[in-house]
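Chains as they are written, first to last, in our numbering: chain A, 1088 to 1200; chain B, 767 to 880.
The hints are simulated quantities; they were obtained by calculation from the structure and are not laboratory data. It cannot be assumed that every hint is accurate.
Said to hold, decoys possible - List of simulated lysine-lysine pairs, DSBU-like, C-alpha gap at most 30 Å:
| hint | chain 1 | residue 1 | chain 2 | residue 2 |
| --- | --- | --- | --- | --- |
| 1 | A | K1100 | B | K837 |
| 2 | A | K1144 | B | K834 |
| 3 | B | K804 | B | K820 |
| 4 | A | K1144 | B | K804 |
| 5 | A | K1144 | B | K820 |
| 6 | B | K803 | B | K834 |
| 7 | B | K771 | A | K1144 |
| 8 | B | K771 | B | K803 |
| 9 | A | K1144 | B | K837 |
| 10 | B | K834 | B | K820 |
| 11 | A | K1100 | B | K822 |
| 12 | B | K822 | B | K804 |
The model shown is predicted, which means the values in this text are computed figures rather than measured ones.
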Amino acid sequence: KAGVTQTPRYLIKTRGQQVTLSCSPISGHRSVSWYQQTPGQGLQFLFEYFSETQRNKGNFPGRFSGRQFSNSRSEMNVSTLELGDSALYLCASSGRDDRYEQYFGPGTRLTVT
Amino acid sequence: DQQVKQNSPSLSVQEGRISILNCDYTNSMFDYFLWYKKYPAEGPTFLISISSIKDKNEDGRFTVFLNKSAKHLSLHIVPSQPGDSAVYFCAAGGADGSARQLTFGSGTQLTVLP
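Build the full structure now, drawing on both the sequences and the hints.
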């Protein structure tokens, strides 16, 4: 079974721009979660989508948003980029609602200049 | 407020010996704990998990121990191999009824010396 894929792998944007990142979960997985990893804050939960609905949201500003499509693929969007948004953005999928295990993709490295 | 803490940023162990990675948590509502391994430029790889109703779970060379009264868990790797060298994260979930909102520790860099 193919793993979680994320595109693009690397991205450079300028302050004030917006960016969209894409995630394809493991086939059959309906839950997709997004995390941000930075050297200062570590791995932090952004939000989780299940059946096209946002189920949980972490403590991030409204500039961070996401959506999920009927095929479970997910996108996250960051508007009005700030330098502090430079991070590794990780997507994880989960196949069973009675289990907590999440399987991560390789991440998208976003650099904001 | 760090709810999940890994107080050792690094650990070095000889090949063949036991590696013990530790993790403490403060939120008693967590009811599920996981360990992940991460190599540079890759996403975290799931290793092993444990529910709060258990105190031990084994999977091959990996064993996780949970001490709820101490709010402490540990990952034992026996025997350690050079390929185990990576950053290890513990994570916790289940607080606020949210199964998917994992809270991660800051990670421990494990180096297994040949």
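Identify every previously stated hint that the structure contradicts and give their numbers, smallest first. 1 and 11
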